[in-house]
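Undergrad: For reference, the chains in residue letters:
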Amino acid sequence: MPLLEIDNLSVTFGGLRAVDGLDLSIDEGEVLGIVGESGSGKSVAMLAVMGLIAFPGVVRANAVRFNGRELTGLNKRERRNLTGKDIAMIFQEPMTSLNPCFTVGFQITETLKVHEGGTRNTRRERALELLSQVGIPDPERRLNSFPHQLSGGMNQRVMIAIAIACRPKLLIADEPTTALDVTIQAQILQLLLGLQREYGMALVLITHDMGVVAETAQRVSVMYAGQLVEERAAGALFTHPRHPYTHALLDALPERGRDRPRLPTIPGVVPGLYDRPSGCLFNPRCASAQADCTERVPPIESGNRGRVRCWHPLREDAVGA
Amino acid sequence: MLRFILTRLSILIPTFIGVTLLTFAMIRLIPGDPIELLVGERGLDPARHAKLRAEMGLDRPVLEQYWHYLTGVLQGDLGKSIVTKQPVVDEFFTLFPATVELSICAMLFAVALGIPAGILAAVRRGSVFDHSVMGAALTGYSMPIFWWGLLLIILFSGILGWTPVSGRISLLYFFEPVTGFMLIDSWLSGESGAFKSAVRHLILPTVVLGTIPLAVIARQTRSAMLEVLHEDYVRTARAKGLAPWRVIGFHALRNALIPVITVIGLQVGVLFGGAVLTETIFSWPGIGKWIIDSIHRRDYPSVQGGILLIATTVIIINLLVDLVYGLINPRIRHRR
Ligand SMILES: Nc1ncnc2c1ncn2[C@@H]1O[C@H](COP(=O)(O)OP(=O)(O)OP(=O)(O)O)[C@@H](O)[C@H]1O
Ligand SMILES: [Mg+2]
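As given, the protein sequences belong to chains X and Z, one line each in that order.
The letter at position 89 of the first sequence is residue 77 when you use the working numbering, and the numbering goes up by one with no holes.
When you read off a place in the second sequence, starting at 1, and then add 145, the result is the number in the working numbering.
Note that these hints are calculated values from the structure, not bench results.
Positions of the beta carbon are idealized from the N, C-alpha and C atoms, including for glycine.
There may be inaccurate statements among the hints.
Stated by the list, open to error - Between beta-carbon pairs, the in silico distance windows are:
#1 X/Glu283 to Z/Arg476: 56 to 62 Å
#2 Z/Arg269 to X/Arg57: 29 to 35 Å
#3 X/Val257 to Z/Arg270: 26 to 32 Å
#4 X/Thr171 to Z/Gly280: 51 to 57 Å
#5 Z/Thr152 to X/Ala174: 42 to 48 Å
#6 Z/Val415 to X/Ser139: 41 to 47 Å
#7 X/Glu128 to Z/Thr152: 30 to 36 Å
#8 Z/Ile249 to X/Glu128: 38 to 44 Å
#9 Z/Arg391 to X/Pro272: 44 to 50 Å
#10 X/Gln175 to Z/Gly163: 53 to 59 Å
Stated by the list, open to error - Some chain X residues near chain Z, calculated using beta-carbon distances under 10 Å:
#11 Leu35
#12 Arg65
#13 Gly72
#14 Ile78
#15 Gln80
#16 Ser85
#17 Pro88
#18 Gln95
#19 Thr99
#20 Val102
#21 Arg129
#22 Ala151
Assemble the whole structure, with the sequences as input and the hints as a guide.
TA: Put into structure tokens, the structure is as follows:
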């Protein structure tokens, strides 16, 4: 039984379908990468899992099962008891994600207090332990620091400490390294993977960066315009993408462009509220689109080569890595 | 922090001099002669008039009078009232508690209603509640104090007869002032009904004086909350699984309070300005009414001294507000 199982999740803001019929599952202890261009609905989908979509957003799903429990039927309080405890999330902007008015120590122990209670002292001990686990030197002193006194990388470590404070079963990391220096990015990524193994958490890693996914994820979901377009074990996806969009994303990787004068880019942008094409949502930008692609929406086709939403998937021998 | 306080204090001296100059000039620009006003209809023979003028130093050149006044002030001497012959400082501090009591109550009223109203309006943005609060705030802000005061008196004192029209306490009660604050003194006096009477006398003036600060605080709280509610750290607070009241009333409010505190500080000056009108409407025996009466009598030393002391109070309160601001905003506290 998967740890998290999402069946037909949709999130709409007014007329905009930010997430559109998403099916997704993740096993215990698994690392799942979610990739896709800006605006493809990665963050919104995961915020929906956290129960953090606020008015005017509307969340619909046939089922969202977590750890064998159906989340859609829970009342708000039951839902909050899971949020931040069994499912935790960290965000892209470490400098603004922590509250500037409270100390690091307070912000860590607050989560512990809400979900686990305990005494002041045990919470403090745990906070110290967490700070050293996330690689913050001199934790005693840092407990009393305010976020503005720490660097972006340090703040992201604090965010991670808050997220793992209650030993969640699932950690969602939404572009955790995008806002950081390149040198720090690798450190934070290693830290996340280390903790994932140590705690046996499942990790959802949202990113634009195909390179990051290649290094870390066991399985990858590719999203486009709110829909899942391809999902497969990471290795196979990188060597043999089947969806033209995945192929185009991989093609845009600098590492793969060394022998080419210019990096190929994908022409056009993700469709918004008013320019959703008929048929396959990717067809206006697709290099291998054919007449029928504009007529009907392709269904998800699943088999032993993962899942793909395309009328004319690329053949395995068509692309060399 | 110490340097911050010292810089703020050093601004005090030029401000003082400016205030003395302004009040000195303005009260003399109003036509009228204090001695004639003092003796009233009966009139005075010119020789006696000239003698009195000389006694009060009013026959000297204006610049010399100012110099005399300023040197007095610098030695802590604000002069004596022309009318009562009492030292201005004594008169001021006898009446000051009445104004402070009224101002504190008005501010508490404004804060206690304004902050929750602003929070709720922000959280329920665009709702009927939001529109009503903002509409009421705009109305309250633009309502002339005189008009508003008379309106409330007509309704609550005149038609409904719920509240008294003037003064601080019913004439039935008499006790020696201990603190000068009627609520406390009436409580201490132990006379039954005295405290209740003091409260009933306070209600309308408090509402009238507190209306403008209330409107300003509600609007500022709303806009600060709206800004803060979209911040990433509010999302983080929700992602921790905190209850909505804690996310809004603690994580968001703590940040939104920073600009609100500044506005509250600025309202203190507005409050003393409003106290002049409010005290006049309700015959509240405080500084505001005293200054107005002194202006009518051309009691130069009282007007000058009273305004100078009020200005000092406002400056000190603003300084305190700046200190509080530093306390609740860690980003300021740690800057050198
Ligand atoms: N609160 C909101 N109100 C209205 N529209 C929203 C809201 N949040 C997200 N959207 C819209 O939903 C769509 C998907 O946004 P989302 O943030 O999930 O994209 P993303 O894949 O995470 O992109 P990025 O890589 O830039 O983070 C976008 O078109 C966005 O404008
Ligand atoms: Mg995003």
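Undergrad: Take the hints in turn and mark each one as holding or not.
TA: Hint by hint, here is what the structure shows:
1. X/Glu283 to Z/Arg476: 56 to 62 Å: 57 Å, holds
2. Z/Arg269 to X/Arg57: 29 to 35 Å: 32 Å, holds
3. X/Val257 to Z/Arg270: 26 to 32 Å: Since the Cβ atoms of X/Val257 and Z/Arg270 sit about 31 Å apart, the hinted range of 26 to 32 Å holds.
4. X/Thr171 to Z/Gly280: 51 to 57 Å: At roughly 55 Å between Cβ atoms, Z/Gly280 and X/Thr171 fall inside 51 to 57 Å, so the hint holds.
5. Z/Thr152 to X/Ala174: 42 to 48 Å: 46 Å, holds
6. Z/Val415 to X/Ser139: 41 to 47 Å: 43 Å, holds
7. X/Glu128 to Z/Thr152: 30 to 36 Å: 35 Å, holds
8. Z/Ile249 to X/Glu128: 38 to 44 Å: Given about 42 Å between the Cβ atoms, the range holds.
9. Z/Arg391 to X/Pro272: 44 to 50 Å: 46 Å, holds
10. X/Gln175 to Z/Gly163: 53 to 59 Å: Taking Cβ atoms as reference, X/Gln175 and Z/Gly163 lie about 58 Å apart, which means the hint holds.
11. Leu35: 8 Å, holds
12. Arg65: 8 Å, holds
13. Gly72: Holds. Min distance 3 Å.
14. Ile78: 8 Å, holds
15. Gln80: Interface hint status for X/Gln80: holds (9 Å vs cutoff 10 Å).
16. Ser85: 5 Å, holds
17. Pro88: 6 Å, holds
18. Gln95: 8 Å, holds
19. Thr99: 5 Å, holds
20. Val102: With a closest approach of 6 Å, the X/Val102 hint holds.
21. Arg129: Status violated, d = 14 Å.
22. Ala151: Result: holds, 8 Å to nearest chain Z Cβ.
The structure does not agree with numbered hint 21 stated previously, though it agrees with all others.
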